[in-house]
Structures are given as structure tokens and as C-alpha cells.
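**Student:** The hints should help you fit chain L onto chain U, whose structure is shown.
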Amino acid sequence: MSSKEAIEKRLLERRAEELGVPIAEQEYGESIPLLEFFIMGNRYAVNLEKVETVTRIGDIVTIPTSLNHISGIIRRRGQSIALVNLRRFFYSGAEGIADADFAVIVNAGGKRFALQVEEILGVIHLPADLVMSTPENFDPAQATHISGVTIDGLSVINLETLVKARGFGTDESAG
Amino acid sequence: MEFTEAQIEELVGVFKAESIEHIKALADIFLTLEEGRGNANELFDRAFREAHSLKGSAGTLGFQRVEALTHRLEDVLGILKRGEIETSVEVIDILLSALDTIRGSVENIRPGENELTEDEVEQTRHLEKLLQTARAGSTGPPASTSSSGMSELGSEQVQQLLAVFRAEAKEHIKNLAELLFNIEEGKGDPTELVSKAFREAHSLKGSAGTLGFGRVEDVTHHFEDILGLMNDGKEEITSEDIDLLLTVLDVVRKAVDTSVSGDKQLTDEEVQIIASLKKRTGELSEAETEGDNEQVLESSEKGQQAIPDTVESSGTIGTPIKQKPDQKAPRKSADDTEKNREDFIRISEAKLEAVIAQVSELFEANLQLESLTPELGRFSVMAVETLEMIEVLQVELENTIYENDLFTIADKVRNLSVHLSTTKKTFERDERQITKLIQGSQEELHRVRLAPVSTIFVMIRRQVREIAKATGKKAELYLGGGEYAVDRKVLEAIEEPLVHILRNAVDHGIESTEIRRSKGKTRVARLSIVARHTGDSVEIVVADDGKGVDPEIIRNSLMKKQGMTEAEANSLSTDQLLDCLFMAGFSTHIGVSKMSGRGVGLDVVKYTVERLGGEVRLESNLGEGTAITLRLPLAMSTIRCLLLKDSGRVLAIPASNVDKVIVPKSEDIKLLGGGEVITYQGENIPLGSLGEILGLKSGIAGSSKGERLVMMISFGDRRFAFTIDELLEYTQLILKPLGDLLERVANISGTSMLGTGEIALVLNPADLVRAAGGGVRLSTAKPIFPSEVEATDLVGRVLVVDDSIATRTLEKTLLESAGYTVLTASDGYKALDVLATNRCDVVISDVQMPNMDGIELTHTIKSRPQFSHLPVILITSLGSDEDKARGLAAGADAYIVKKELTQSELVETIGQLL
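Protein chains in written order, with this note's numbering: chain U, 1 to 175; chain L, 1001 to 1914.
Just chain U, with the same shape it has in the complex (with noise of 0.2 angstroms):
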């Protein structure tokens, strides 16, 4: 390796350890942990409390006659959980090109679920000045579900509205 490449390499590593360090803890007071995800290629985070674990999705066991944005169910130590497809919840049935193979498992309103996210980016800690309202133009489907949105787009999932939203997890026409 070469003095130059070596350089780079040394203010490489030193710029991943700087980003690494959460924000918060440089300059700002109370933050929150969320957990960064894509969906329909939109960033969207949840609070990392609400979060039991991420895992690559392997078996997806589909359910005929289940609302249209649940996947299915997966199985985690002999339980089963839901596999909530928010690219339909969030985009009126859109399924998007993306593989969304992750599922993100939460605990939210008294209720275990997973969401399925395309790709995970990591814990971030999120200053709470720097959480905004939504937009009056925001996409009224997801405006309820989104406690805040930050400059650069990304948008925090209420999960606790989410879960107790109308038609989110029990199909009431099923009588």
C-alpha cells in the first residue's frame, strides 16, 4: 500500500469513527434512538425501545384471506408473528420493485409484529429538536402514523398509532 492510499485509508477510518459516534452525544442534549429503515426507497425510522430484533426474513407462511398489506407470519422460537408489508399500508397497495427482505420485530401497543423493510441503515440518535411536525401536504395515509419528520426526509413511524390504527391488524369484516 502506498503513503498516499495509506493516508486515505487512516482518514477513512477516521471519518467512519466520527460518523459512528452518535450526535447527540457531540452537541446536542436529549436524543432518541431510532432505527433506520428503507421503504419504497423512503427513510423511515422507529424508536430502537420499541424494537425487539432485526432478522433476514427466511420462510413467510401466507395466510388466504388476511388484509392485503400482511404478508404473512413468520415463526421465531416456536411463536408466530405478523409480517406487516407497509409499502401497501403506507402506499394504497403499491408493492414497489425493491426486495424487502428484512423484517423488523416490534413491540408496540401491547402487540408484537414485524415490519418488512428493504434494506436496514442502521441506529441512529436522533436530537429531538431536529424532529419536525408533518407537513401540511404530507400524504395524509401516513400522516397519522408519523410522530415527526426531519429535514432531510426521514420519517419517524408512530407505532403506537399504527397498531391501533382501523383495519391495521384485525379485518373487521370478518365478523
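Please keep in mind that the hints were generated in silico from the structure rather than gathered at the bench. Please note that the accuracy of each hint is not assured.
As the list claims (entries may be wrong) - Derived, one-sided and incomplete: chain L residues facing chain U with beta-carbon distance under 10 angstroms:
hint	residue
1	Gly1186
2	Gly1188
3	Pro1452
4	Arg1649
5	Leu1694
6	Asp1740
7	Leu1742
8	Glu1743
9	Ile1748
10	Tyr1829
11	Glu1856
12	Gln1866
C-beta: ideal position from N, C-alpha, C; glycine also.
**Tutor:** Relative to the frame of chain U, chain L by itself:
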């Protein structure tokens, strides 16, 4: 000794389980006393012992609320036993009501929460009243009250509001003290803490003002001023400030305890503390403060005179009662206690569930082991085949250089074959043994979970008593089959559905005494609840000899309320019509009955029973009565199923619902009335394709030619046939629910892992029958929620948003008395949640609230298209023009200042906006 959190949790669990048993036993005794059965003295002794044990364990664990209330109950039992007051129906009412409260306290108990709730205060008051009656034959005068809004309420409502206010005020005081300590200790962001404290103080002041607690309002107002300065960043909070503010909180706490609504005269202590607060805010100089102190003496004298006599008694009611040492209560002998220790141990339900889950996992793992047996058999056959091939080679290569080597190889393969065969046999034997042991463990564990049906009979007797009393109807209750054992979880789950069925039976089923007499029926109606075992299920039949259900009324209702055409309605059979009673939101009644028109409906009964893997059916004969049968599984986790394959999926269906699987002759299948039927045993049974019903395949069932496999299933007294692709086997499966989120999916009740590791979907026969039957579920019927049904005939639905429970209660009471249905939320976020799931006609909101204030809420409501039409009224203690302008700028339709709040103004404003 210090307990860990897990130990405390376990102790609380044991305490809860034990207490519920005591409470159930007490309820049983009270009802027996009321019915005049048994020896009263013995019953009182038993009740006394139960109450004493409950009180004792509550005291030992430091659950003062339960201890205090049970102590009063015990005192009342003492005077009843001594005959100092009569054991009348009213007294039993009070005792049962106190038991309900104790049960609520036990179920929600948390260590360290010792402040009595308003309900507990109320019940203590009722019990105290009985004690007072016994001592002096009279009760104390009620506390005097007066305030603008409250003057329009009845004295009972006022008392309830005051109790709520006191409890809420103490909660605010506790929160404020905690926030002040956090500020002092530097725990958290001081700006945020001061802001929270400001909101707490503001809420306290607001509810005190609303309910006319002038002294509390006055002191809190000055307290809030100091926090306001700090909140604005004009002043920094010092440790002297914290001392002062904590002292103020002590004064406010006393004011809450000792003042009544309408009491404005400050005590000298209150005047002094206000002066200190004013001094701190810089409004007064040192000299002025001294001057104020001189005035204090005068105020103090006046103040003391102004305090009404009733203060003492009302303060006592709100104060937790201290336990007195009890000498009289009989105690269990040491031998008894020892015996109990030997015979029983208590474990938490969570631990039992964990063991059951592990045994279930073991069962599943064993299923996979079982699937290795054929594999071993295959290896054994392969070894034999290999040996045969070697033997052929041996013949061919005899007398060559390979002869010896082949002999050695053949010998080894022979040994391998023998070993494999022996291992297979041993494996099969051991596997059978393990299966037997696992099944034995499962059966034992299930037995642990069983409880006799009679455990819910106490509650049923109780409910029938209450319902009959409320409706003025007379009913004789017969209970049978209480000895049958059922899974505790099943029993717990069906308590509420049974109550609803009973309410329906008394409220709508049983006729009035006059009508019964005119129809030649007995004056007293008969209600029966009988349990009986049927195979691997238990049936609970609730029957009445009332007027029965008229199918024609259901038919008319379907046309009028559900938009069904006459032709559609006429095509429904009586069974299908009766089935409609189980549809969400379906009612044949125009109004909402106090007894059975609210809460769970028959749809919820059906949902609960089917979720448990059971089924419900209703039979009725017009003029003779109605019987509702709940068929429930004895155990909940394992289920014998038929495995089948359709559209490439492995599916399972409970074996108890499968009558037969046949390959019918082609002439037995025909088209009838637009659908296929199969003629079987002289009966035409509707036929459908399982794959199509599940949405796994499309096409017309009748279009497929050739041999078809047909599975007949029954549900209640109805039969249906389904074509399936392949029949696999009958097997025992562990039913796993679909997960927390999917409580209800049509046609599927859960999943199960098979021995191969494959997941089978377990079908719900009740849904399948309905789906195949068609016409029963109405596609035109929009799902209706109970809350929406309730509102149908009322004036309108109002959402009241206020962080003060007292203000919420006051506004709710005022509006309900004007005929409105009222929903409530404690801040803006919660209000949006309520709006997302409920229909509302108008929103009434406070301005100052945590999380999301009224201005932001108004703005949000007005900015969302789905809510923008909703009128919003802001009701607040902020009364300046500037505040009003802020509220109206956010989109509020009206702005009312709390102090000016009257029922008439509020109702009038709502009326104008609706």
C-alpha cells in the same frame, strides 16, 4: 429483607390469585345470606374469616388500599353478625359493591400505590355509613357545595366530583414535588422540568377553579406565577425557591384536604405562604410582606370561622384509613396453615404457561424426531440392498484377489445392517416412550389448568340478581353441571359473553309478569345455565322460557337497517335469520337498553367463543323461549386435526368438525338452486371448493371433471361439503395463534408446525360454513362498532379533551345530562387517536395540556381534510383577549372561559355549532 423486582412480581401474582378466591367466596356467602339459605351465624363466621385473611395478606404485603377497605368490610360483617343492623337487600348491595371495588383494587394493584382511589373512598364512605347507623342510628350531613357548574348537578354527582378532584389534586401535588426534587437534583433538563411543573400547577389551579375550591386555586395561582417567571427564562430557580415551593405544596395539600367547594376564605398559613410567594415574584417589598403578615392574623381568625363543620368529615373520607389491631377476628390454627403448606403451592400463571409452552415445544421437536423413523428404515433397507449386491459380487469374484476384501466388506455391511435394524427398533421404542411421556406431561399440565364450571356460577348468580333488580322482572335461576372441569382460560374468556347472554335473556327474552300470566306461563320466569361434556368439548346451554325470537322481525330489520332487498331477505332460512343476530352491529331494537344494548353484543359472544376454538348456536321457538349453546374445547392448546392438501398448501381442520371424507359417485353431485349439492344419506348437502373459499384457486367448483374428494364438515346442526385435493392423515397438533396482531382472520384460526417442519394453516370450521353457505353475511352491511350503535338515537357525540380528570368529569356529566354521548381524552394526541377510531360531532378542548395543547389540536383538526368540518370549542382558564385571539386564529369555532362555564351556555354553544 430486600426483594428483587421478580420476587415482588411473583408475590403480587400470588396475592392477586389468593385475594380473588377470597372475594369470590365472600360474594358467594353474601348471595347465600340474601337468599336466606344456610346458617347465618356460620356464614358470617366464614365471611369474617375470608375478609380477615384477605385483609391480613394485604397488610403483610403493604397493600394499604385493599387492607383499609377490607378492614371496614370486616367491621361491617361484625355488626351484621351481632344483629346491630339488619342484613337487608340494600346492605347486601353495599357489601357486593364494596367487593367489586376491592376486586378492582386487587387486579390493578401496584406496590407503593397507597392513595385511595375515588371509588375506594366512595365505598369506604358507604361502609362507614353502615357502621355509623349501627352506632348512632343516623348519618352525617353532606358537605355543602356551590360553584357555577356544580350547582346544576345532584348532590351525589357533586360528591363524586369532589372525590375525583381531591384524588386528582393529590396526584398533581405528588407530581409537582417529584419535579421539584428532580430540578434540585439536576435530573433532566431544568427547562423541561419547570415547563412540566408549570403545566401541572396550571391544571391543578384550573380544576380547583372549575369546582370552586377558591383556597386551592388562590395559593396555586401564586405558585404558578413563580414557575411562570422561571418558565419564561426571566428567573433562575434556586434551592431556596425549591424549599419555598415544597412548603407551598404542603399548604396546598392541606387546603385540598380541608376545604370544600365554595370555600374562599384563606387560612393564616395560606395568607402567609401567598405573601412569601409574592415576595419572591418581586411584587411586594419586605415591608409590605410584614404588613401582610399582620393582616394574616385577622384573616386567620375569619378563615377559621368560615370553615364549615362538615370539613372534618369530608376530609376523613378522602384520607386513607389506618388499620387498627384486630383482636376479635378468628385466626386459622397453626395446624391448618401447616396443612395448607403441605397440600398446595402457588405458582404464577406466567410460570405455568412457560412450562406448558416448553412442553409444547418438546412435543413439536418430538414430531420431527418421529419423522426420522422412516428415514432409519430406509437406511436399513439400503444396507440390506448393498449387502445383496456385495453377495452377488462375491459369487462373481470368487477365487480372485478380491475375495478376502469382499468378505470383509460384506461382513461390515452385514453388521451395519444389523445395527441399523436394532437402532431403528430401539429408536422407535424410545420415541414411543418419549411420546407417551410428553403426552402424559401435557395431560397433567392441562389438568392443572382445569377448573370446575361452578367457579363462574357465583358471578352468574350475581349478574342475574342485578339484572332482575334493574328490570323489575322475576326470574328463577337453575344452575347445573358445575362439576365439569374446563380450562381456566376458557372459563375466564366466557364470563363476559355469558353475562351478555343473560342480560339479553332477562331484558329482551323474559316477558313482564303480567304478559306471562296472560299467556298462561308461570309468574316467575325460568332461566337455566347447564354445562355438559360432549366428547372433547363442553357445552354450556343458556336457556330461558321467554317470548323467543321472531324470525320475521329479523327479516324486516335486515331490509330496513341493512339495506337488504325483499327478495334477498325472503331467501334466508330461519337458521340463517337467527345467525344474523351474531352479526356485528345487528339489532332488532330501535332504542338502546340500559341493560343489554351496550357493551358486548352477540357478535362479540360469537367472536370470543370461536377464538377459543368453539362454536355458538342459537335455537328459539316463538312464544316458548330461547337457548344459546356455547360449545367449547376442554383444553386450549392441542387439537386433533385432519391434515389435507389443497392448492399445494397443507391445511388442518379440527377432527371434531369432520364427519366424513368420501369419493362420491358423479350422479350424487348435482346443481340445485344455482349451487352444487351432494346427495349423501338421503340429504342434499351444499358443496363448495375449499381452495376457492380460501382464495387459493379460482374457477367454478362444478367445472372440474373426474373423481373428486369431498370432505363433509358439520358446525352445530348444519353440514357442508368441500372438495379437496388430497387427504393426508389424522394427527394431534399444537395450535398456535396467528400472532398478537392478527386476532381475527376469516377462515383461519391458527397455525401448527408439522413433523416435517412445514407449517399447516388450521382452518376455522365456523367461518368456512358461513362462507360456503352464503347469504348469511351481508356484503352490504358496513361493519358497525358498538360505540356507533349506541349513539344512533342520541343527540350527538362530543369529544371532551382536558388533562384534568375533574374538569373532564364535570363536562362529561353536564353534557350527558343534556343527552350527548361523551368521549374523553387527556391531551391532544389522545384526542386525535379517539377521532381516528370514533365518529364525533364536536370537540371541546382545554388549551393548556401536556404533549399536544388545545391550540395545536385545533390547528391539526382543522388542517386534516377528514376532520376539518368538526366544530372545536376551546374551554380554558386563559381568559385574556390575546388568548382568545390565539385560539380563534388556530381555527376554534368558539372560546369559553372556564370560570364562566355553565351547562346552559355550553349546551347552547354546541347546539349552535351542530
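**Student:** Which hints from the list above does the structure break, by number from lowest to highest?
**Tutor:** 1 and 3
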